[in-house]
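Build the full structure now, drawing on both the sequences and the hints.
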Amino acid sequence: MSGILIIEQVLNGLQFGVMLFLMAAGLTLIFGVMGLINLAHGSLYMVGAFAAAAVAAATGNFVLALGAALAVAAAVGAIVEVVVIRRLYATDHLDQVLATFALILIFSEGTRYLFGSFPLYLDIPDALSGPVTLPGGIQYPLYRLALIGVGLAVAVGLWLLIERTRVGIRIRAGENDREMIAALGVDISKLYTLVFALGAALAGLAGALVGAIQSVQVGMGEPVLILAFVVIVIGGIGSIRGAFVGAILVGLTDTLGGIFLPELFKLFMEPAAGTQVGASLASMAIYILMSAVLVWRPTGLFGARA
Numbered sequence: 009m010s011g012i013l014i015i016e017q018v019l020n021g022l023q024f025g026v027m028l029f030l031m032a033a034g035l036t037l038i039f040g041v042m043g044l045i046n047l048a049h050g051s052l053y054m055v056g057a058f059a060a061a062a063v064a065a066a067t068g069n070f071v072l073a074l075g076a077a078l079a080v081a082a083a084v085g086a087i088v089e090v091v092v093i094r095r096l097y098a099t100d101h102l103d104q105v106l107a108t109f110a111l112i113l114i115f116s117e118g119t120r121y122l123f124g125s126f127p128l129y130l131d132i133p134d135a136l137s138g139p140v141t142l143p144g145g146i147q148y149p150l151y152r153l154a155l156i157g158v159g160l161a162v163a164v165g166l167w168l169l170i171e172r173t174r175v176g177i178r179i180r181a182g183e184n185d186r187e188m189i190a191a192l193g194v195d196i197s198k199l200y201t202l203v204f205a206l207g208a209a210l211a212g213l214a215g216a217l218v219g220a221i222q223s224v225q226v227g228m229g230e231p232v233l234i235l236a237f238v239v240i241v242i243g244g245i246g247s248i249r250g251a252f253v254g255a256i257l258v259g260l261t262d263t264l265g266g267i268f269l270p271e272l273f274k275l276f277m278e279p280a281a282g283t284q285v286g287a288s289l290a291s292m293a294i295y296i297l298m299s300a301v302l303v304w305r306p307t308g309l310f311g312a313r314a
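Note that this note's numbering has the sequence shown beginning at 9, numbered continuously upward.
These aren't lab readings, by the way, just hints derived from the structure by calculation.
These figures come from a predicted structure and were not determined experimentally.
For every residue, glycine included, the Cβ atom is placed at its ideal position computed from N, Cα and C.
Among the hints, a few may not be true.
[Claimed, not checked] Derived DEER-like restraints, expressed as beta-carbon distance ranges:
no.: 1; residue 1: F276; residue 2: F123; range: 41 to 51 Å
no.: 2; residue 1: R172; residue 2: H101; range: 24 to 34 Å
no.: 3; residue 1: E278; residue 2: R95; range: 54 to 64 Å
no.: 4; residue 1: R94; residue 2: S137; range: 22 to 32 Å
no.: 5; residue 1: A280; residue 2: E171; range: 45 to 55 Å
no.: 6; residue 1: T173; residue 2: W304; range: 31 to 41 Å
no.: 7; residue 1: I221; residue 2: W167; range: 41 to 51 Å
no.: 8; residue 1: Y121; residue 2: F276; range: 49 to 59 Å
no.: 9; residue 1: H101; residue 2: E171; range: 47 to 57 Å
no.: 10; residue 1: I12; residue 2: D185; range: 50 to 60 Å
no.: 11; residue 1: R95; residue 2: I12; range: 18 to 28 Å
no.: 12; residue 1: L169; residue 2: I87; range: 15 to 25 Å
no.: 13; residue 1: D185; residue 2: G124; range: 46 to 56 Å
no.: 14; residue 1: I221; residue 2: A110; range: 22 to 32 Å
Shown next as structure tokens:
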């Protein structure tokens with residue numbers, strides 16, 4: 009196995025990881041601040057992808073498409089929080105799961121009604137198309153490098169928002185003691201709507217960015233949502249730093265496991281059987297990683313200890 013292939017797969021893992029972070033960051037914010045299990049978060053990822061594809065098809069401008077994905081996902085998230093989610097805060101988690109699962113069905117059928125059942129395609133902008141030559145003569149798609157850069161920039165910006173701004177102070181305070189900040193005069197309803205809209209915007213941005221390297225279709229958010237839950241369990245619920253580290257670990261484990269594990273088992277078994285066993289373990293690798301982290305630290309890597 010060549011060193012070039014390994015470096016390419018590491019970059020693929022980083023790109024996958026930072027996109028997972030955009031999903032997981034919003035999800036962990038919503039759960040950490042509101043205590044809400046939101047199964048419909050993947051639908052907001054889908055909404056962002058469809059909004060970007062529709063605007064790109066109408067205008068041919070990829071930047072406008074990304075702006076539309078952010079705006080539409082944030083607006084839909086705010087509306088959902090005000091109309092539906094606000095009634096679920098005092099309920100138990102089973103009610104939240106059932107209600108947000110119903111939202112998945114509503115979003116899926118609504119999107120199918122508006123755009124049809126056939127996939128849409130979002131073209132990579134000309135400025136970011138084609139490969140770029142990295143040190144060592146490695147050819148790697150420029151757009152995927154741009155995704156890594158955007159993901160890292162969003163991670164830094166989100167950290168600055170949470171740690172260095174007055175809004176961030178209120179968000180962190182709401183996570184620790186919502187009754188106290190309400191008593192101090194903070195409008196909890198507006199804070200919750202802001203947090204939910206922010207999480208929705210991050211999910212919509214991720215959907216739009218990934219939509220350019222895969223088809224945009226109904227139901228595309230649910231597989232990513234499962235991985236996002238794995239990320240926040242590994243990183244620790246409510247921790248942005250944990251979401252970032254967990255996302256990178258999951259991205260690298262999933263990508264590199266699919267390459268190395270089949271090759272490893274071929275060394276000890278008959279090639280066809282070794283490939284099959286290695287591929288099976290590769291598909292379970294992120295869940296094995298999650299189990300190992302929970303055995304070592306039940307609250308996740310950066311979760312608060314009980």
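Each hint, compared with the structure:
no. : hint                      : verdict
1   : F276 <-> F123: 41 to 51 Å : holds (49 Å)
2   : R172 <-> H101: 24 to 34 Å : holds (32 Å)
3   : E278 <-> R95: 54 to 64 Å  : holds (58 Å)
4   : R94 <-> S137: 22 to 32 Å  : violated (43 Å)
5   : A280 <-> E171: 45 to 55 Å : holds (52 Å)
6   : T173 <-> W304: 31 to 41 Å : holds (33 Å)
7   : I221 <-> W167: 41 to 51 Å : violated (26 Å)
8   : Y121 <-> F276: 49 to 59 Å : holds (52 Å)
9   : H101 <-> E171: 47 to 57 Å : violated (29 Å)
10  : I12 <-> D185: 50 to 60 Å  : holds (52 Å)
11  : R95 <-> I12: 18 to 28 Å   : violated (54 Å)
12  : L169 <-> I87: 15 to 25 Å  : holds (22 Å)
13  : D185 <-> G124: 46 to 56 Å : holds (47 Å)
14  : I221 <-> A110: 22 to 32 Å : holds (31 Å)
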